[in-house]
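Letter by letter, the chains look like this.
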Amino acid sequence: MRLLIRRITDKFFTVLTSASVILLAAALLVVLGPMLLRGAGAVVFDGTVEFRRMQLDLFNRGEADSIEDEVSRAAACRKVVYETIDKFKHGIDVEELSNEAKRIYRLFGRQLRYEGVTGDEYRRVRSLARELRNRLLEAFGSNDRALIERNVDRVLRYRGHRDFADSAASGFFTLAEDFLTSVESIDLNKRRQYADSLRQAEEIIFRLLGPRPDDALPALAMERYGATRWDMAQQLLDDLLWSKQWVEAEPGRPMVKVRTSRAGQFAGTGLEGLFKYVEDNLETMLRPRFTFYWQYLIDDSTPGHYFGGVGPEVLGTLLITLLSMVLVFPLGVVSAAYLVECASDTAAVRIIRMCINTLAGVPSIVFGLFGLAFFVLFLIPLFGGPSKPCILTACLTLAVLTLPVMIRASEEAIRSVPQTYKEASLGLGAGRFVTFVKVTLPAALPGILTGAILSLSRVAGETAPVLFTGAVALGPPPDSLFDPTRTLSYGSYDIAVGDRLAMMVPHKQYGMVVTLVLLILCLNGIAIVLRARIFRKLKGQ
Amino acid sequence: MIANGTVSGGQGGTAGGASRSLVLTPLEDLKGFLSLHLGRFALFLLACSSVLLVFLIFVFVVQEAVPFFAKFSTVEFLANARWYPEADPPEFGALSLIVGSLYVTITSLILAVPVGILAAVFLSDMVSLRTRDLVKPVVEILAAIPSVAYGFFAVLVLAPAMQSRWGFSTGTNILNASIVLSIMALPTIISVAEDSISAVGRDLREASYSLGATRFETILRVVMPAAHSGIIAAVILGMMRAIGETMVVWMASGNAARIPSPWWDLSQSVRTMTATIAGDMGETPKDSSHYWSLFAIGVVLLMMTFMLNIVSEYFLAAAKRRTGKV
Numbered sequence: 001m002r003l004l005i006r007r008i009t010d011k012f013f014t015v016l017t018s019a020s021v022i023l024l025a026a027a028l029l030v031v032l033g034p035m036l037l038r039g040a041g042a043v044v045f046d047g048t049v050e051f052r053r054m055q056l057d058l059f060n061r062g063e064a065d066s067i068e069d070e071v072s073r074a075a076a077c078r079k080v081v082y083e084t085i086d087k088f089k090h091g092i093d094v095e096e097l098s099n100e101a102k103r104i105y106r107l108f109g110r111q112l113r114y115e116g117v118t119g120d121e122y123r124r125v126r127s128l129a130r131e132l133r134n135r136l137l138e139a140f141g142s143n144d145r146a147l148i149e150r151n152v153d154r155v156l157r158y159r160g161h162r163d164f165a166d167s168a169a170s171g172f173f174t175l176a177e178d179f180l181t182s183v184e185s186i187d188l189n190k191r192r193q194y195a196d197s198l199r200q201a202e203e204i205i206f207r208l209l210g211p212r213p214d215d216a217l218p219a220l221a222m223e224r225y226g227a228t229r230w231d232m233a234q235q236l237l238d239d240l241l242w243s244k245q246w247v248e249a250e251p252g253r254p255m256v257k258v259r260t261s262r263a264g265q266f267a268g269t270g271l272e273g274l275f276k277y278v279e280d281n282l283e284t285m286l287r288p289r290f291t292f293y294w295q296y297l298i299d300d301s302t303p304g305h306y307f308g309g310v311g312p313e314v315l316g317t318l319l320i321t322l323l324s325m326v327l328v329f330p331l332g333v334v335s336a337a338y339l340v341e342c343a344s345d346t347a348a349v350r351i352i353r354m355c356i357n358t359l360a361g362v363p364s365i366v367f368g369l370f371g372l373a374f375f376v377l378f379l380i381p382l383f384g385g386p387s388k389p390c391i392l393t394a395c396l397t398l399a400v401l402t403l404p405v406m407i408r409a410s411e412e413a414i415r416s417v418p419q420t421y422k423e424a425s426l427g428l429g430a431g432r433f434v435t436f437v438k439v440t441l442p443a444a445l446p447g448i449l450t451g452a453i454l455s456l457s458r459v460a461g462e463t464a465p466v467l468f469t470g471a472v473a474l475g476p477p478p479d480s481l482f483d484p485t486r487t488l489s490y491g492s493y494d495i496a497v498g499d500r501l502a503m504m505v506p507h508k509q510y511g512m513v514v515t516l517v518l519l520i521l522c523l524n525g526i527a528i529v530l531r532a533r534i535f536r537k538l539k540g541q
Numbered sequence: 001m002i003a004n005g006t007v008s009g010g011q012g013g014t015a016g017g018a019s020r021s022l023v024l025t026p027l028e029d030l031k032g033f034l035s036l037h038l039g040r041f042a043l044f045l046l047a048c049s050s051v052l053l054v055f056l057i058f059v060f061v062v063q064e065a066v067p068f069f070a071k072f073s074t075v076e077f078l079a080n081a082r083w084y085p086e087a088d089p090p091e092f093g094a095l096s097l098i099v100g101s102l103y104v105t106i107t108s109l110i111l112a113v114p115v116g117i118l119a120a121v122f123l124s125d126m127v128s129l130r131t132r133d134l135v136k137p138v139v140e141i142l143a144a145i146p147s148v149a150y151g152f153f154a155v156l157v158l159a160p161a162m163q164s165r166w167g168f169s170t171g172t173n174i175l176n177a178s179i180v181l182s183i184m185a186l187p188t189i190i191s192v193a194e195d196s197i198s199a200v201g202r203d204l205r206e207a208s209y210s211l212g213a214t215r216f217e218t219i220l221r222v223v224m225p226a227a228h229s230g231i232i233a234a235v236i237l238g239m240m241r242a243i244g245e246t247m248v249v250w251m252a253s254g255n256a257a258r259i260p261s262p263w264w265d266l267s268q269s270v271r272t273m274t275a276t277i278a279g280d281m282g283e284t285p286k287d288s289s290h291y292w293s294l295f296a297i298g299v300v301l302l303m304m305t306f307m308l309n310i311v312s313e314y315f316l317a318a319a320k321r322r323t324g325k326v
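As they're listed, the protein sequences go chains A and B. Everything in the first sequence is counted per this note's numbering, starting at 1 for the first residue and increasing by one. Everything in the second sequence is counted per this note's numbering, starting at 1 for the first residue and increasing by one.
These are calculated hints, taken from the structure and not from any lab test. Idealized CB from N, CA, C, for every residue including glycine. Please note that the accuracy of each hint is not assured.
Said to hold, decoys possible - Just so you have them, the derived chain A footprint on chain B, three or more residues with Cβ under 8 Å:
#1 153-160
#2 212-224
To be verified - When the alpha-carbon atoms are kept at most 25 Å apart in a straight line, the in silico BS3-like pairs for lysine-lysine are as follows:
#3 Lys286(B) / Lys388(A)
#4 Lys537(A) / Lys136(B)
#5 Lys422(A) / Lys438(A)
Pulled out of the complex, with its shape left as it was, chain B reads as follows:
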């Protein structure tokens, strides 16, 4: 309760004025009280800036998308796969874009999750601290490389190699984008998963070892079940990273707005939501249907990540509760 300036300037009633009274006058008390609470309130307001920003993001992205939803059917937008915004009449079927995003995201997760979890186990359970300090920078550098550099790698190194060496008909396809995205999602998955795996604690592990279980059995039967919420959160965070990524998919996925058929053929080109926004925004006049439709895609994207975020928070909180209890 002592705010700044509490011990200053009191003209106390004691004789000689050599020592000041430690008892606050009511005015000083009030001043201290006010400055503390006002200061705290000002800090609170500043801290609320992130709330304001989230609010503004929602408002402004939705506001630009409203004319689109007013003019075109939402069901059509989400269920039609034909995306011809510049045709006459234009067709705004974002399904192919949503499917394209899901394709690269899920494929990249299929590639990244096993490697990520194994690497997290390696870091937390397999090696000494010294080796860990050697491997950690690798993960950090992978996380630090900017997405445009990954895209550059995808389009100038991986794509030509795929086309000429491995006989793909086009180098920019789902597989290319997914491979590069999985490399990008790995650091997120590894660090979150490793945190939750090491948070499980020695006691559970030692109990398991003392019962004669091997390391593999301990990790599979004891550590993994205990850390499962954190691992799920890691996968979801990796997924958010992959679905929101723009540059790599724009450069590497081929940008053909169609649903792949047959569905298992990953050597086809797709177009994702993020790539569509990035690619089309430069060419649309402001306040046209095409322009609004890009904001509508932004809203879909925002909703998706928002939901994923809530889910991941739930699992992270669950992980915290669990390790807290254990």
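Chain A on its own, in the form it takes in the complex:
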């Protein structure tokens, strides 16, 4: 019995340890999986005609002729949408209709004067026109169907009247007719409600299709184009078809999301069919096509992070990491060489080792504080440089941060060179220095490089130290080492929590962080392969 219990505990323990490792793998999967998946969407997606238009305008990319052709074909299909909306608006937009009637009246008066009609004749025709206008205004403002029909009928009776033939006043009759047909299908008492719903729908259509072809170009670049991606378009379509509201089901309970059909809001009107039309013809209107947007990695982002890519961030990250590596590599190797080759276990060496460990344990944000206090505010001004965060200070700070990593890696690499190499070299009469430079260092170099690549990947991902020492979220590309730069790491932070605009484009948020993660994983992959080769080589001998 006791044996059984012991055996069960043993098995249970085995299962438990395996479970912990599975948990580890699951954590990796949960963290990386969705990120990679959604981040890939920044590069591989179905781009719409709006995307190609944007690329042509902002980056001068693509064939102008074929894109223009596509745009005009899409525009033909979109025209129906705009026409339906305009027609429907005739029935509900009192103010616009009234303004139109007043405009026609003024135009007509001017026309009369221009034609030289004067005196009583002028006054008579003019007052007739005024009557028509007033009747129309009354009809537009009214909710009473009988009153509207009576007024419009009166107006229409003057059609073909010799006073108004071939004049601006004919606008009255088309206006009246349009109004009558659109009013027929509208519940007049719900006009205000229609206007509100229509405004919302129009807003979504604006974001879906971009500004109307005949409208003025908006000042903001992000408002010049509709949905550039098919997945974004699908989401907007859903917004268009369903209006969502958070409603409190009962007091004290969490809010519930209620979806109501927008077509239902316009039931019975001329606009009801529009939603079905957009749903059916969205593909013709936007022409999605599979797009591999590798330029994401080199494009600048305009404006904010709304369009474009992460080019400046990638450049800034590479610049900062490589430069800090150049600074730390010699120092790290030399320190390691001293610790392995020359140092005995004296007090001084023990202090050095302890300091290296301390340095490795200092929180990264404290490195940021140190970089600010020492490099930015003290060292650079000491040499007459500008006292502001810049690439140089960021590199120096990161170099200090990676020094312990570099020293430890090099130490290990130098230590792992077989003693026989050195003995052979020393036996041939070479000095210690020559032995180290000609024999030990070349043999240890792959290992040192592995360590260097690993510290490179660490530097690329560090955010806290560069927060106050040289990273900015937005800004022009740097001209010299004394300018701050954008980096992937700080950019990822900013785009995740700081940037309101970026919230609207999740693929951009994920794209940035995935670029960073992939860069780092690539560096790590190289290091792992390199290390495996060294290991094999050492084993082979």
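With chain A's structure known, arrange chain B on it following the hints.
This is chain B only, laid out in the frame that chain A set:
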């Protein structure tokens, strides 16, 4: 004692000059001696750069914090929980920040240590080398993922899920930050713990097995006690990683500077020391009390990690001694 250039250029006294004397002239001897020792000294100076850097870090961070400690009471700083640096008069009570840091650190350790030790045992005792080579990269990739990516995951994936799916009132809270921090601390804990567990050696294990103990009993009664110093060091190193982490806690802990009450409710927001430095530094003018206070927090942080570092070194040294003896 043979430095470079020892066998060069001696115009020895032997006839014909065809062979050179192997005996060094006093001058050559001196040159060799000097170059060796000077070279060694130069190397020593370069190696001392890390000592210099540690010194500089202490000096410069403390120097910027001195005006704060001169102006405000240190006791007040450490014992008051009200952190209102921009109020009038400002209140600099860092207790809530220190407590916030401890909350996320300890919670993340509670989550990470069992999993980490079990995984270390799995790697060292349970599986073949081949499986080990499969699992190791998982740990390495977890360690390689940058902290900002973890923070990104916390704030854009985990927080919305917590809020909408599991009914938390806010997605950015202690639990969220702790979960993500524990994932980040795991690689450190696993690698250090695994090193010390495998360093225990076969002989102890085999002795235990030969007495009829099961694997569980061997690990619990023999391996763990022998490796305990290394495991403690692993936990402390994991703790250092968690307490010094900035981006994740800044993004995921909610940044509300208050002590959670009731104390066991992990669904509340806290603000940590690191997050305060990162978040406030951008908005404070240089040489204001607020600016100095951030350096004062940096000093506290530095002291904490320094002490933890000493403790961990003690345990690592103990582990080395122990395995060395066995």
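Against the structure, the hints come out as follows:
no., hint, in the structure
1, 153-160, "holds (count 4)"
2, 212-224, "holds (count 5)"
3, Lys286(B) / Lys388(A), "holds (12 Å)"
4, Lys537(A) / Lys136(B), "holds (20 Å)"
5, Lys422(A) / Lys438(A), "holds (10 Å)"
In this structure, every one of the numbered hints holds.
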